[in-house]
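Novice: Going line by line, the protein sequences match chains W and E. First residue of the first sequence? That's 11 in the working numbering, and the numbers climb one at a time after it. First residue of the second sequence? That's 11 in the working numbering, and the numbers climb one at a time after it.
Calculated directly from the structure, the hints in this document are not laboratory data. Check before you lean on any hint, since a few could be wrong.
Sample of chain W residues with no beta-carbon within 12 Å of chain E, all distances over it, derived [as the list claims (entries may be wrong)]:
#1 40
#2 48
#3 112
#4 115
#5 130
#6 149
#7 168
#8 242
#9 269
#10 273
#11 281
#12 335
#13 393
#14 397
#15 418
#16 483
Footprint (simulated), chain E over chain W, 3 or more residues, beta carbon under 8 Å [unchecked claim]:
#17 462–468
#18 507–517
Every residue gets a Cβ at the ideal spot worked out from N, C-alpha and C, and that includes glycine.
Protein chains: 2
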Amino acid sequence: MNSFLQPRYIRVHKNDNVAVVVNQGGLPAGSRFACGLVLTEMIPETHKVALADLAEGDAIVRYGVVIGHAKRAIQRGNWVHEGLVSLPDAPPLADCPLATAVPKTLPKLDGFTFEGFRNIDGSVGTRNILGISTTVQCVAATVAYAVRRIKAEMLPHYPNVDDVIAITHPYGCGVAIDAPGAAVPIRTLRNLSLHPNLGGELLLVSLGCEKLQPERLMPSGTLPVLNEESSLAVMQDAQQGFGEIVDTIMTLAERKLKKLNERRRISCPASDLVVGLQCGGSDALSGVTANPAVGFTADLLVRAGATVMFSEVTEVRDAAHLLTARAATPEIAQDLVREMAWFDEYLHAGGADRAANPTPGNKKGGLANVVEKAMGSIAKAGSTALMGVAGPGQRVTQKGLVFAATPASDFICGTLQLAASMNMHIFTTGRGTPYGLAMAPVIKVSTNSGLATRWSDLIDVDAGKIATSEATIEEVGWEIFRLILEVASGCKETWADHWGLHNDLVLFNPGPVT
Amino acid sequence: MNSFLQPRYIRVHKNDNVAVVVNQGGLPAGSRFACGLVLTEMIPETHKVALADLAEGDAIVRYGVVIGHAKRAIQRGNWVHEGLVSLPDAPPLADCPLATAVPKTLPKLDGFTFEGFRNIDGSVGTRNILGISTTVQCVAATVAYAVRRIKAEMLPHYPNVDDVIAITHPYGCGVAIDAPGAAVPIRTLRNLSLHPNLGGELLLVSLGCEKLQPERLMPSGTLPVLNEESSLAVMQDAQQGFGEIVDTIMTLAERKLKKLNERRRISCPASDLVVGLQCGGSDALSGVTANPAVGFTADLLVRAGATVMFSEVTEVRDAAHLLTARAATPEIAQDLVREMAWFDEYLHAGGADRAANPTPGNKKGGLANVVEKAMGSIAKAGSTALMGVAGPGQRVTQKGLVFAATPASDFICGTLQLAASMNMHIFTTGRGTPYGLAMAPVIKVSTNSGLATRWSDLIDVDAGKIATSEATIEEVGWEIFRLILEVASGCKETWADHWGLHNDLVLFNPGPVT
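Can you build the whole structure from these sequences, using the hints too?
Specialist: Put into C-alpha cells, the structure is as follows:
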C-alpha cells in the first residue's frame, strides 16, 4: 500500500495524452508524480490529468482513441474535466470495417466444471427455481398473494427448490400489441419463461380478456421442449372467486414443486455457462480495473467454451467500428451494424441521441462523455472474436463472445440478458449500486477499493486493487472466473442473494401504450 | 327475477337500431322478445341484436351515435358481431365544437361528509400511509428490504398509520431524461410523492449517481407545502455498507411514523373527495349498467362539490366532439383537443392508432370496436360540464368534472390518477379483474350479475342488477356514492384491500430509454 500514497496515475495506452489519477480522495495542486508531472490544480480521484500541453481543438486521446477535442487550450498538469472535452461524432455505421481484424482463437481451457441443473433442452440452470409467468399485469397482485402463501406453506417441504418467483410486468394489455415494436416485449416474456433456472416447468397465469393471450405468449410448436404440457391458470374461468383462483395457482405450483424437487446438481463443463456482463454507476477506473479484469474473465470463459454476452448499445455505439472489425464474419458484423442503426433511429424518434448517456454520477466519476465511457465499457468484452449478435429479448444459443443488443438501462439490460438465457451475471460498478436479480446470481465487482471497503457487504470482488498494484488484471480475472464457478454451483452466496436484494425485471417496449 | 328469464334486451337510445341481449348465458335462435322480435341465430350475453333490417353500408346506431357501418346486409334478429361492423374515422379534432352545449349546473348537494386526514396543503387523505419515494430503480430492492423490516418491527407501534409503501419504478436512470417526453414520468413521480394519502411526510431514497437527481425530482420552491424539510437518504453517501444504508432509511422512517401516528380523522365535506373513474375488462353492458350508474355517482359528487376525474384518451377519443361541446369554456375544450392531438401523434409515431383498443376480451364481451367502447366509457363521466383538463401526471386541483389525460392501460391510468391526487378510485369491469392499488382504495363495480356472483369476494358493487331490473341506475349510483363515503372514512374495507391486492404502479414514459 505504501507506494499508493505517492501520487499515481494510470495511462492505458502509449498514445494517450491524458491519464487517470487513482489516489483515494484525489490529489491537491502541486502534487508531483514519479515522472516529474506536477498538478496545476486539484484533481479528484478517477478524473483525468493532461500529460501534455494541448491547443484548442487538439485531440484528447485515451485508450489510444480520440475521446474528444479540447474546447480550449489545456496545460500539462491541468484537470481535463468534462467541460473541456467536446463530443466527437459517432463512427458512421456505413463505414464500419467488416471482419477485417478477426482475433486468433485463444488456446482451449479444459477441466473447469460447475455443479448445475441440466435441462432437457440442453441448457443448464445455476438455480432451481419455480417461476410463475404472467400474461398481463392485471394478475400480478393475485400471483404475489399466491407466491407469499406458496413460499410460506409449500416451499419448506421442497428443500431442493431454491425459490419461487413471479415474473410480473406491466405488459400484456393497454399496449399496441400489433405495433412494430411489440415483438420485443413479447419475445422477452416468452424467453424469460423458458429461462434455464426455471427448469422447463412452465406455470402461466392469465386473466382471460387481455391482449397478450396465452397462445400468443407461448405459441405451441415454436417453443423449446418443456418438461410436460404447460400449465395454465385463467382467472376469469374461476366460478368461485378469489379463493378458487388462488387454489388453482397453488395446486399447479405444488405439482411443479414436486417435479423440481426431484432435480439434483450434476457436474457440468464450464461451457454450459451463459455469462452476462454489465456495468452500472461507472467511473473512469471502470475501463482500467474492473472492466479489463472482467474482459480477462470473458476470455477465460470463451476459452472454456462458454457463452459470454455483452450488451448496452449506447455504451458500445462509439466503438462500433472496433467491434465490427472483430466480428468473426462479415454477416455478424452486419448484424451488429443493424442493431446499432435500429437504436440510433429509436433514440432519434424520441428526440434523443447517445449523448443522453452518461449520467451525472458517471461525470462525477471522471467520465467526460459517452465515447470515454464506451471505450471503458467494451473492455469487458475481452479480446476474442465476436461470434454472434442477438436482438433485444432473443434467446442466445451461440457459444463464444456474443453481443446481445439492449439499452444500457441496468434493469432493462439485465432483464434482456436473462431472456437471452444468462445463468450467471457479472456487474461492475465504480459509484456503487446494490443491483441484484432473483432469476440468476449477480457477482458485483468494484472498480475502486474505496467502494469495496465502504460497501464490504454489497461488493463481491474488489478490482480496485489493480489500481493500487496489489493485484494484476489477470489475477482479478482468474478470481472472478473461479468465483463464477463457485456461485454457479450454489457453493457460495453473492451479497445480493445474502440480503435478498432482487430488483424487479423491466421490459423494453419500444412500442406505444394505449 | 322471474321476468329476467324472458328474453330481454336493452336499447339505450330511441334512435338505436341495435340492442344488447342481457340474459345470462345468451339466447338461442328462435328466442322471442316481448316486442315480437325473434332471434335468427344464437346471441351471446351482452352481444348486440339487430332491431331492423340493414343494407350493406347502413349506419349502425347505439347510444344514439353511429358506431360503424354494416359490412354486409344484416337482418332484423341477426347477431351484430364485430365482424359485421366497420370502424368509422375518428371525429376530426379541428371540427370539434367548443363549449357549445354546456350543461346547466345541477342543484347543490349538501350535508354529505366523510372522515379524512386533512393535510396542511388543504388536500385530504382517505388513508394515513408512510410512502417512501425513490429517484431510481437501483434503490428499489434495498427499499423493499427496509420496508419489510419497518412493517415488521415498527408499524405495529404506530396504530394510527395504515401502511408503509415504497414508490418504486423503473425510471430515473438509463432514460433520455432531457427528451421531450421526460416531463411526464418526472412530474408523475413528484406528484405521487405528494399524494394526499401520504400526509406531506416526504421520505426520499436516492442512489447518488442517477440522472434523476433528488433536486430534479423535487425542486424546492415549486412544491406544495410539506410538513417539514424533506428527508433524503442517499445510498452512495453510506460509508459502512448495507447496514448503514438500511439504518438510515429506518431512522428516517421512524421519525415520519411518529408524526403520522399523531394524525386523526376529522369530518370533512364530500367536496374534499378526488374520485378517479376507470373501466377495465369492459363488455357491452359497461355502457348500460355500471358506467351509467357511476355517471350518476359522478353527478352526485360534482353536486357535492367534489372533483371527479375520468381519463383513458383512446377510450374517449371517439367521443371528443361530444366532450368539447360539454366543456365549460372554449379554453377547456381546446385543452381537451390538445391532449387528444398529442396522443394521436404519439400512437402514430409508434405505428399504431386507436384501433389498437379494444382487447380480445372486450370483443368477446360484445364490443364491436373502439367507438362503441368509447360511448360506453364516457357514460362514467355523467352529465355535468367539463371543468378542466390535466395532462398526464399533472396534479388536479379543479373541482367538478375533470378530464385527466392518460393512456387506457389500467395501471398507467391508475398511477396517473394517483399523481393527479385521486383519493378514491372507482373501477368498473365486465369481464372481471382483481385490480387494486396500495395508495388509495379501489371500489370495483361489475357490469353484470354473473361476474358479481362468481367473484363475490372481489367485486364490491353489482351494477348488473340494473340489467335485470332489480335496481335502477339512480339506485346503484346512490349505493356507490354512499360506499365511497364509507370507504373513504376507513369504515368499510374494499375486497382489494381485504386481500391486500395492490398492483404495482406503472409510469407513462413517452420518451426513449437509453
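Novice: The structure should be examined with respect to each hint, and the outcome stated for every one.
Specialist: Against the structure, the hints:
no. : hint    : result
1   : 40      : holds, 28 Å
2   : 48      : holds, 31 Å
3   : 112     : holds, 30 Å
4   : 115     : holds, 34 Å
5   : 130     : holds, 32 Å
6   : 149     : violated, 7 Å
7   : 168     : holds, 23 Å
8   : 242     : holds, 16 Å
9   : 269     : holds, 28 Å
10  : 273     : holds, 27 Å
11  : 281     : holds, 31 Å
12  : 335     : holds, 25 Å
13  : 393     : holds, 27 Å
14  : 397     : holds, 26 Å
15  : 418     : violated, 6 Å
16  : 483     : holds, 24 Å
17  : 462–468 : holds (count 5)
18  : 507–517 : holds (count 7)
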